[in-house]
Every structure is written in structure tokens, then in C-alpha cells.
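**Q** Residue strings, one per chain:
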Amino acid sequence: MTDWLGPEEWQAVRLSLKVSATAVAVSLPLGLLCALALAKGRFPGRQLLNGLVHLPLILPPVVTGYLLLVVFSRQGPIGSVLEPLGVSFAFRWTGAALAAAIMAFPLMVRPMRLAFEAVPPALEQAAATLGASRLRVFVTVTLPLALPGVVAGAILAFAKAMGEFGATITFVSNIPGETRTVPTAIYAFLQMPGGEGAALRLVAVSVALAMGALLISEWLSRRIARRVAA
Amino acid sequence: MIEVHVKKRLGGFDLDADFAAPPGVIALFGKSGSGKTSVINAVAGLMRPEAGRIEIDGTLLFDRTRRIDVPVHRRRIGYVFQDARLFPHMSVAKNLAYGGSHERDRVIEMLGLSELLDRRPAALSGGEKQRVAIGRALMSHPRLLLMDEPLSALDAARKAEILPWLERLRDEAGLPILYVSHAASEVARLATTVVVMEAGRVGRVGAVAEVLSDPAAVGMIGAQEAGAVVRARIAGLDRIDGLTELALSGGRIVLPGRLGGIGTHLRLRISAQDVILAREKPEGLSALNILPAEVTALDEGPEGVAVGLACGADRLLARVTRRSARALRLEPGLRLWAIVKASAVAPDDVGGAA
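Heads up: the sequence lines are chains C and L, in that order. Quick note: the numbering used here has the first sequence finishing at residue 240, numbered continuously throughout. Quick note: the numbering used here has the second sequence finishing at residue 1066, numbered continuously throughout.
Note that these hints are calculated values from the structure, not bench results. Mixed in with the good hints there might be a few duds.
Here are the simulated DMTMM-like pairs of lysine to aspartate or glutamate, each with C-alpha atoms no more than 25 Å apart in a straight line [claimed, not checked]:
id, chain 1, residue 1, chain 2, residue 2
1, C, Lys50, L, Asp795
2, C, Lys50, L, Asp781
3, L, Lys806, C, Glu134
Model the full assembly from the supplied sequences, consistent with the hints where possible.
**A** Written out as C-alpha cells, the structure reads:
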């Protein structure tokens, strides 16, 4: 199975999957929280949070990457605090995951927020009158009814993370085996004489993964929607 | 005792409702927009009053001055909403069990739910949904049940299907119920106490027969909806003509249809506009129901005169025009005849005892 991909290409694919899965898994709780706060919350600074969440969508990726570099480098305000704790992002695959998570965050939050907004408050009130605490209302009513949107957000974020290029290459460079994901690998192969073959194979992998993610998300949300609406 | 006092500014009007009532079915009755739903939302904890106090059977749920405000999920107040609000992603069985399984088997039997347990809410009729919603609220073991026009979204056939279940609930479950309605027929059938709401305030509180037959309350209830509630016993059945003869404390009346077995006790609503008054006992009239009565009170409103009548131990209510009131020289103490049109008593208005 690995025959048609060279070891370097295979390494990039594996790394991309690891980086994207980590990015989505780690940002999912925060994404849910932000989506919930934006959908149901009434608090000062709501518009500010909304702007912050959407910022990576509008900023040039190279700017996001540079800001990450400034903040998380070994001398940066957060990087220097995390360094003694053994947590490091600069030029590590964890940094690629961080960049991917931040770039994918707006795409994750938006469908989730819309899904939470679509859950009728009337049903949540009914659950409360039946003795359910706010946490239980969320787990048993809000989340199951919003599940199609939550899944769509996670898959969209995964697909975006797989394709992230600008912020990643600015923040953690393009180190084979550490930070060379599929998009940065394609870029590197294209800079290399005779690299077109490898680049094309990775392009095919990218297209297949993106299509696969879309089909799975469609199938999942249709299945869940059927279960929820019945 | 159910003691409710809530004050809140709502849009363009001030809610300031204050009443106390013994347990039973307490009907919050009034025109739409009179603040009924706001009151029960405050009792449920879904709306926070600006001032007031809510106490149910000795348990304080809200007291502004003492800064007590029990959160919704700790109030143990069951709420049956107008639109059922079943959870669409759960089966009927899971909906029922959501708040607990207090007297599960009895509730399922009483409301006839055993056939529905495996179904999804989307596969239920409106009447079935309301029955499940009632069962779900009961199984959460509430100290008080709130019902916000549980029948208003249903057509006449579905209403007729649910009303007997509600009567059973009142007579068997022994649970106090606060029932919001703007339909006099429902109130007359179900309520023990009536709280009449008018523009955010409580206009009248009292036993159902007393309030509904009070001419002074007609203005708040609405002329079309006004009508007294009487108790009756089935005294005879005429199978050939398809009639039921009812004994009231002040005489006998005959109604079409077979309303039950001989000896059955009923409560009956007689709409004020279906009672005709006469000074002399009429002869040769197609109406069969002529009862001796005495005028107890008169209330003149913009739409006519409401006449309170004593008929044996029962109270009746009639509505006449001002001109008729003058022509009949109506005044308290006058003895006259009340004629009730037999076909005027709708099946909706005939309910079980209690």
C-alpha cells in the first residue's frame, strides 16, 4: 500500500493526519464553549469574542503565523513561560497543530454556533422544569439536538487543518518529519527539480482526503439529523 | 395552600397578581394578554418577578425581600406546555422517564400510554403528545402541576379525548394543579377554584360555581364565555327520544343524548346567553326546561345586563339586553322563570362529578 507513495511523502501524510487530528481534538472543547457562549450567552464582550474567533479567517495567514512565532517562540511572552515546563511549540509538530487549530477555529465554531442557536429554548426550559440541571440540559437536550452541526464543524475544521499552509510554514517552518505536512511538502517538492511526481501524488492524496472528509461529514450529519428529527 | 404574589413590568403593562387558593384545580382564567402565562412562568421559575412571593404548600420558592429564588430545576413544579414540548430525539418511554419514574405504571395506565412507549414524538397525534407531556410531568413527582392551555392547540375531537384524562387526574392524583385557560367550558369542567385575571391583576378569586355565576364577573370573563356551573344527577333516560333527564336542586331539565347511567353525578355549564327569563310561567313552548328562579344580583355592562339567579341551591346566570331588563322590571328578590334551551348545552360543557 505504501508502494506508490515514497517514504518522505508517506511521512508527510502521516504527520498531516496527526497534526490535524490533534488540532481538532484539542480545540473541540474550546470550540464548543465558544459556540455555546456566542449562541446562548448574553455577556459584555460577546462581540469582542466573536471578532477574536473570526480573526484568523480574515487576517493573512502569514500574519497569524508571525504573531504565533512572536508569542510562542522561546523568548516570547508565552513560549518563555512554557519552556521550563517542557512544553514547546516553536519548530515542533505541536506548533503545527497549534497553528492548524487556530486557523481552523472559525470554521469549527460557526456551524456549531448555528446548531446551538437552532435548538429551541422551549425544550431546554421543559427539561429544566423536569429537574435537569444546566449541565444535564446541555448533555441530554442541547448537545444531541445540535449534534449534526457539531460534527459538521469538527469535520470542516479537520479538512481546513489538513490544508493549512501559510501560518504553519511561518510559525514552525518546513522540517521533514517534524513540521512538513502535506501542503508544505507539496510546496517543497515543487521547489525541487524533478519533484513534480511526488507533488502530484500528494495532490491526489489531498483531494482524496478532502473528498472523503466531505462525504463522511454529509453521511454523518444526515444520519444524525434523521435520528434527531425522526 | 398555593400563595402567589408576582409583580413585574412587562412591555406596556404591569403584572401585579396576588392570590391564595386551596389545593385542587385552580383555574387562572381571563382573556388573552391578561398575564396568565406570565404568572405560571413565574411560579415555574422561568420568569423572575421584580417583587413578590411564591409559596406552595409551605415551601417558599421565591421571596424578593428575603432574596430567595429557587432555581427552576429544584422547584419540583411540573409544567405541561401548550405545545407539549416533547424531546424529539427520544422515544416516548425516554421522554416519560426524563424527570423521574414516580408512579410510572399508574401514570402510564391512567393516561393510556402503554401503546405509545416505543414511538417517537413525531409519530404522535396532538392529543397523544399532550397525554405524554402530562405523564412526563407527573412522573417527575412535582409538588404542583402547571398547565398552560394544554388543550388550546387541539381540535374539538382531541379536546374531547383529553378532558376525561384531566378529570381523572384531578380526582385520582390528588395533586394541586394551576390551570391556565381562556375557555369557560374547560374551567367549568375542571376547576375547583377560579382566579380571574384582568389586565395583569386578579379581578376575582373564589369557588368555581360562585365566580362563574357572579354577574359582576361577566365583564372580566367576556359576555360570550359567561355561564354558571351547576351540579346535576341523572334521574331518567328516555331511550325512544334519546333524552337524558337531569335532577337539579331547583327542578328537572332534559338534555339531548345519553349522558350516563341513572344516578351519575355531573357538572354542567349553562351559558348565560342560553338562559331566557319570563315573569309568567310560559305555556306551549318548544323548550322543555323551565325552572323557577329568584333574581339575586344584577350587573349592567356595556353589552347588556348580567342577571344572577338562585335556582334551589344552584346558581344560574342569564344575559339580557337593557331594554328587556327594563321591560321585565328586574330587581333582586324578583321571582321568575328561567328557560334553558335543551340543545344549548354543548357536550363540551358536560363533565364528571367532583
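**Q** None of the hints should be skipped; say for each whether it holds.
**A** Quick rundown of the hints versus the structure:
At roughly 22 Å between alpha-carbon atoms, C/Lys50 and L/Asp795 fall within 25 Å of each other, so this suggested pair holds. Of the pairs offered as hints, the one joining C/Lys50 and L/Asp781 holds, with about 22 Å between alpha carbons and a cut-off of 25 Å not exceeded. As the CA atoms of L/Lys806 and C/Glu134 are separated by approximately 16 Å, the hinted pair is consistent with the 25 Å bound.
In summary, this structure violates none of the numbered hints.
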